[in-house]
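Respectively, the protein sequence lines represent chains A and B.
Residue numbers for the first sequence follow UniProt numbering, beginning at 1 and rising by one.
Residue numbers for the second sequence follow UniProt numbering, beginning at 1 and rising by one.
These are calculated hints, taken from the structure and not from any lab test.
Just to be clear, a hint being listed does not mean it is correct.
Per the computed footprint, the stretches of chain A lying under chain B, defined by three or more beta-carbons under 8 Å from a beta-carbon of chain B, are [claimed, not checked]: (1) 48-58; (2) 93-104; (3) 216-227.
Chain B side only, calculated, beta carbon under 7 Å to chain A, not exhaustive [claimed, not checked]: (4) H204; (5) L209; (6) L211.
Backbone N, C-alpha and C fix where the C-beta goes; we use that ideal spot for every residue, glycine too.
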Amino acid sequence: MSKRIEAKNLDIYYGKFKAVEDVSMVIEPRAVTAFIGPSGCGKSTFLRSLNRMHEVINGAYVEGELLLDGHDLYGPGVDPVNVRRQIGMVFQRPNPFPTMSIKENVLAGLRLNNKRMPGREQDEVCEKALRGANLWEEVKNRLDLPGSGLSGGQQQRLCIARAIAMAPDVLLMDEPCSALDPISTLAIEDLIQELKANYTIVIVTHNMQQAARVSDSTAFFNIAGTGAPGKLIEMGPTEQIFSTPEKQETENYITGRFG
Amino acid sequence: MSSTAPAAESSAASAGLVPTKPRIGDRVFQGLSTGSGIAILVILALVAAFLVLRAFPALTTDPATLAAQGYGEFWSWVLPLAFGTVWAAIGALVLAVPVAIGIALFISHYAPRRLAQGLGYTIDLLAAVPSVVFGLWGIFVLAPALIPLHVWLTTYVGWFPLFSGQPSGTGRTIFTTSIVLAVMILPIITSLCREVFLQAPNLHEEAALALGATRWEMIRMAVLPFARAGIVSAIMLGLGRALGETMAVALVLSGQNRVDFQVLTAENPNTIAANIALSFPEAYGLRINQLIASGLVLFVITLAVNMLARWIVARRAQYSGAN
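Could you build all of it, start to finish, from the sequences and the hints given here?
Okay, here's the thing in structure tokens:
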């Protein structure tokens with residue numbers, strides 16, 4: 001289920017603009033890895049390159065190697081569609097499909113695989129995913145109502161259910177709590193702690209307390225200035241990054257001297 | 001204003017709460033927009049009133065009197081025309097809608113930006129061609145060119161009821177008419193669909209892609225459901241144009257007053273609008289009232305179609321993404 005990601009000298013471009021430069025890191029399975037850094041430092045761009053969502057934008061491409069348990073995700077013949085089926089993603093703003101019911105939303109990814117699933121199995125998968133996202137008790141009586149009728153926090157957990165219904169190897173989260181209130185944020189953070197038993201989780205966050213609370217290791221990204229590419233400054237166990245970082249830049253950021 | 005206490009008024013004025021100058025722009029704009037809203041209702045009411053008043057004699061005159069003057073009974077005369085109108089328009093929709101949605105999707109989601117723009121302009125240009133040009137093209141170019149297709153279809157696909165019968169020797173059939181109408185309604189359906197497709201939220205497109213959707217699956221999951229109401233509206237506008245199209249049909253179609261589902265034979269139903277255009281110059285007396293009454297029927301059909309469309313769009317409003 002859970003797989004290791006290894007980036008080797010990854011450069012990420014938007015057309016001619018180099019957004020991220022020379023990132024090498026290892027993301028461990030069954031753990032939570034947080035990316036922190038100021039706006040525009042490339043942490044979201046790097047996250048989106050992990051499941052090849054980056055190249056959805058016109059002219060965007062990646063150079064370097066990105067290995068999922070040793071297989072290059074950018075290797076010749078690799079289909080980004082298959083990559084995305086194994087590496088799930090949750091976005092900043094909750095985005096359940098408005099035209100689908102809650103149940104249809106959970107099963108949306110599975111339906112793509114054109115699997116003809118018997119009704120009972122569908123129910124089981126749906127319940128398992130919703131339980132996994134801590135949403136089952138709240139929605140079990142209204143599975144056939146539109147997902148857009150839920151609260152923001154519930155919608156975000158619905159999106160997590162939709163992602164884990166695919167049984168991915170990795171779960172990427174791009175600032176999953178930034179549009180949510182504190183109670184919903186807490187619910188998602190608790191959920192992340194439970195999910196890491198089974199998945200490799202990578203989370204981008206603007207909230208340093210959140211990174212400190214949920215993650216096992218933390219990577220700090222920074223940019224030298226506007227127009228300069230973002231770089232990975234330092235990566236290590238979360239406790240160490242937040243107590244005794246090796247680089248002065250990291251310390252300045254986490255102590256709130258900038259950013 | 002004179003009833004309010006003058007003291008209170010002046011204190012409000014000194015506090016800057018009473019505007020010193022009347023806001024003319026506001027008033028003008030409100031007047032203009034309200035006036036426009038009322039004007040459209042008045043115009044529509046006048047058209048309806050004209051149709052009803054002038055149609056009245058044809059509807060109320062005793063059938064025996066009509067027969068004595070050489071006219072048939074109204075309903076048995078107008079129903080085949082109404083059928084022909086709807087039949088030709090449905091044919092046009094069947095041909096135009098898939099193509100229009102395909103072009104719109106290509107422009108919005110597949111084509112490189114430059115090509116998409118050029119293609120968009122070209123399609124819009126089609127809408128600027130006068131309908132008489134389409135009619136002349138239909139009668140002089142398309143109809144003769146389609147005669148072999150008529151023969152082929154009746155010979156090899158003749159088992160399909162719509163394609164059965166003796167093929168027309170001129171090509172001036174409902175089939176050809178539907179093709180001409182399809183070309184004419186293509187631009188409006190295409191450009192409306194394109195606009196709606198472009199508005200599909202990026203949020204949901206990315207959600208679909210991140211689940212491992214191919215581009216087509218993404219379109220089916222995130223674009224088409226979102227665009228559903230817009231597509232229906234576009235189709236209805238196209239249908240409205242096809243139902244009311246006069247000149248092109250009058251030129252291309254060689255129609256008679258009959259109900260006939262076969263689309264390739266020499267015997268074709270006529271349409272209301274084309275029939276009015278062709279018969280009006282020679283009509284007098286009750287005949288004019290009959291023709292206007294057929295116009296009233298077309299009016300009612302178009303109204304019914306639009307209401308149906310609204311109902312379809314409203315039926316699944318809670319899933320529309322508006323909430």
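Tested hints:
Given a C-beta distance limit of less than 8 Å, the hint that chain B covers the stretch 48-58 of chain A holds, as 4 residues qualify and 3 suffice. Counting residues of the stretch 93-104 of chain A whose beta carbon lies closer than 8 Å to any beta carbon of chain B gives 7, which reaches the threshold of three, so the coverage claim holds. Here the stretch 216-227 of chain A counts 0 residues with a CB under 8 Å from a CB of chain B, which misses the bar of 3, and the coverage is violated. The closest approach between the C-beta of B:H204 and any C-beta of chain A is roughly 6 Å, which is under the 7 Å cut-off, so the hint is satisfied.
For B:L209, the interface hint holds, since its Cβ comes within 7 Å of a Cβ in chain A; the closest pair sits about 6 Å apart. Given hint, B:L211 at the interface with chain A, holds; its Cβ is 4 Å from that chain's nearest Cβ, closer than 7 Å.
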